[in-house]
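Engineer: Those sequence lines, one after another, are chains A and B. Take any residue in the first sequence, note its place counting from 1, add 857, and you have its number in my numbering. Take any residue in the second sequence, note its place counting from 1, add 1, and you have its number in my numbering.
A few of these clues could be false.
Partial list, derived from the structure: chain A residues whose beta carbon lies under 7 Å from chain B [claimed, not checked]:
1) L913
2) P916
3) M944
4) F946
5) Y951
6) Q952
7) F954
8) F964
9) G965
10) Y991
11) S1003
In case anyone wonders, no lab produced these hints; they're calculated from the structure. From a predicted model like this one, the values you see are computed outputs, not experimental measurements. For glycine and all other residues, C-beta sits at the position ideal for the given N, C-alpha and C.
Single-letter residue listing:
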Amino acid sequence: MSITLNNVTHTYMTGTPFERTAIKNVSFSINEGEFVAIIGHTGSGKSTLVQHLNGLLSPTTGTVTVDGIDINTKKAESLAARRKVGMVFQYPEYQLFEETIAADIAFGPRNFGLNEDEVDERVREAMDFADLDYEQYAQRSPFQLSGGQMRRVAIAGVIALKPRYLILDEPAAGLDPIGKRIIFDKIKGLHEHGTTVILVSHNMDDVAKMADRIFVMHQGVLAANGTPKEIFAQRDLLKEAGLDVPPVTETLRCLKEHGFAVDDTVLDIDEAAKSVLQAVRGDRHAE
Amino acid sequence: MLNDITLGQYIPSNSLIHRLDPRTKIIGLLLYISGIFIVESYLAYAFLGAFGITVVRLSEVPIKMILRSLKPLWFIVLFTALIHLFVTPGTPIMTVGSFTMTWEGLDQGLLMGIRLLLLMSFATLLTYTTSPIALTDAIERLLKPLSRFGVPAHELAMMMTIALRFIPTLIDETDRIMKAQRSRGADFSSGSLLRRVRCLIPLLVPLFISAFRRADELAVAMEARCYRGGDHRTRMHTLAYTSLDRNAYIAVFVLLAIIIAIRIGKTCYGM
Ligand SMILES: Nc1ncnc2c1ncn2[C@@H]1O[C@H](COP(=O)(O)OP(=O)(O)OP(=O)(O)O)[C@@H](O)[C@H]1O
Ligand SMILES: [Mg+2]
Chain A
858 MSITLNNVTH TYMTGTPFER TAIKNVSFSI NEGEFVAIIG HTGSGKSTLV
908 QHLNGLLSPT TGTVTVDGID INTKKAESLA ARRKVGMVFQ YPEYQLFEET
958 IAADIAFGPR NFGLNEDEVD ERVREAMDFA DLDYEQYAQR SPFQLSGGQM
1008 RRVAIAGVIA LKPRYLILDE PAAGLDPIGK RIIFDKIKGL HEHGTTVILV
1058 SHNMDDVAKM ADRIFVMHQG VLAANGTPKE IFAQRDLLKE AGLDVPPVTE
1108 TLRCLKEHGF AVDDTVLDID EAAKSVLQAV RGDRHAE
Chain B
2 MLNDITLGQY IPSNSLIHRL DPRTKIIGLL LYISGIFIVE SYLAYAFLGA
52 FGITVVRLSE VPIKMILRSL KPLWFIVLFT ALIHLFVTPG TPIMTVGSFT
102 MTWEGLDQGL LMGIRLLLLM SFATLLTYTT SPIALTDAIE RLLKPLSRFG
152 VPAHELAMMM TIALRFIPTL IDETDRIMKA QRSRGADFSS GSLLRRVRCL
202 IPLLVPLFIS AFRRADELAV AMEARCYRGG DHRTRMHTLA YTSLDRNAYI
252 AVFVLLAIII AIRIGKTCYG M
């Protein structure tokens, strides 16, 4: 069970002076249960890439399969496969439109043809995800919520579809640190319950902490694909792609340059502390 | 699919036509359009067409782009041509049911079709070769003499600038919201008419909200920079005619003279 891209190329505005190939010959496979992060500089093709995973864009050449089924055919099984993949866009709160929060969250499940009892249950579950009390908020307008709450309602609108694969394009953009932590905790929770998560992010720290695997996009090409440790060890490649290593790792590297025997591949703050402590103690022993 | 909208699109380049003063292009377009409506003979159309093709070549805009802008118009052109074909009285060609095609109708229909196509291609050529800012600057300058009679030239131009500036933004936004709702199972392209109209609500509500939000933000931003309307404002780029513009005016007037001559020749001497 996986999402597989085979030599996918996408060209926008073919046949005009504005023609632009946003992604070139991208191939990869995302297995069920993984937490994959896609990183890349602005304009490197991340959004274009993820929109292929649920058929919002179809490849100019190449194929996309979900659980072995090509999602760009006219067959019914193709539609069913597309519906396994949920997509949360950047600034999803701008897609809210209903008069009440409950109705907005119900929009997706209803479109998927669920009956009213099922829809109601999905709405309750999704509101629970959004940390909004059903009795208190269900009949309120989504436009009276705070920015962070609106974002959670919008994400809940996708969660209510119970996607097996969930794509999130910069879900924390423009949120304060607390709002951001809440959302990431929720996403981690979903992952622990078996949802495959595909996260597009600019924040190396978040990515290093959460992802099992990282894809690096650079000028429309998949430049690297590996575990966080493998990726963040390739500083030159990241630099060329216009990216940084997480601040913790960067600090350790500085220390190492100044002669401390620390491990500069560590991505986690606790491990970093251990490594520094060890290095300092080691120095003491030597003296 | 929304990428097909070419309205108000500008194709940057440095061709002769791009370098013309925007006022020249607007006045030239108006004169050309009046030319289109004076003309009644194929000979004169040959001149208009040759002029049009020359201008397109000079503008370095790919022919494909011009044809693309005509796409939404095919239906109207066909419809107009058919109406003329059937309702113009004259020598019959053949009869379909209670309608009769006539030679005169064929003539009229063809001319009308050519007219519309020339009109549309020239008008899009203006936006293809003139940046929106230059276009509104020119309109402001051209309307200026009318401000004595109370026409708010600057305000009109500012409104146009803003509208043109936001067309691409709104198109992008529409595209994004449509995709977001499609990911939630919305279907914008099938079902009965009523169903399709209902499907527009999830698209239009967010679009309006965001348009109002943007308008608000823009107003605040303009106020924060002390914008106070047209009086006493100076500009960074002042419009100035060059010899290029003189030549363009000469070319347009020569074309008009030829067309008028043909027309006079036709009516007075029955040529
Ligand atoms: N609808 C579109 N029409 C034409 N070109 C587009 C369109 N969307 C994106 N592009 C172009 O494709 C390229 C990749 O864009 P994309 O949005 O995938 O980048 P991104 O990696 O998501 O960037 P960001 O980090 O800024 O979100 C960009 O150069 C962009 O200009
Ligand atoms: Mg993006």
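Engineer: Run every hint past the structure and note whether it holds.
Structural biologist: Results for each hint:
For A:L913, the interface hint holds, the least distance from its beta-carbon to any beta-carbon of chain B being 5 Å, beneath 7 Å. With 7 Å as the threshold, the beta carbon of A:P916 stays out of range of chain B, its nearest partner Cβ sitting at about 16 Å, so the hint is violated. The restraint placing A:M944 at the interface with chain B holds, with a minimum CB-CB distance near 4 Å, inside the 7 Å limit. Proximity of A:F946 to chain B holds as hinted, the smallest CB-CB distance being about 5 Å (cut-off 7 Å).
Below 7 Å, beta-carbon pairs count as interface contacts, and A:Y951 has one with chain B at about 6 Å; its hint therefore holds. Interface restraint check: A:Q952 against chain B, minimum CB-CB distance 4 Å, threshold 7 Å, status holds. For A:F954, the suggested interface contact is upheld, since its CB lies about 4 Å from the closest CB of chain B, less than 7 Å. Because the closest C-beta pair between A:F964 and chain B is about 6 Å apart, less than 7 Å, the hint holds.
Interface hint status for A:G965: upheld, as the beta-carbon distance to the closest one in chain B is roughly 4 Å, under 7 Å. Of the supplied interface hints, the one on A:Y991 is violated, with its beta-carbon coming no nearer than about 20 Å to a beta-carbon of chain B, more than 7 Å. Contact between A:S1003 and chain B, as hinted, is not supported at the beta carbon level, the nearest pair being about 16 Å apart and thus beyond 7 Å.
Consistency note: the structure conflicts with the earlier hints numbered 2, 10 and 11.
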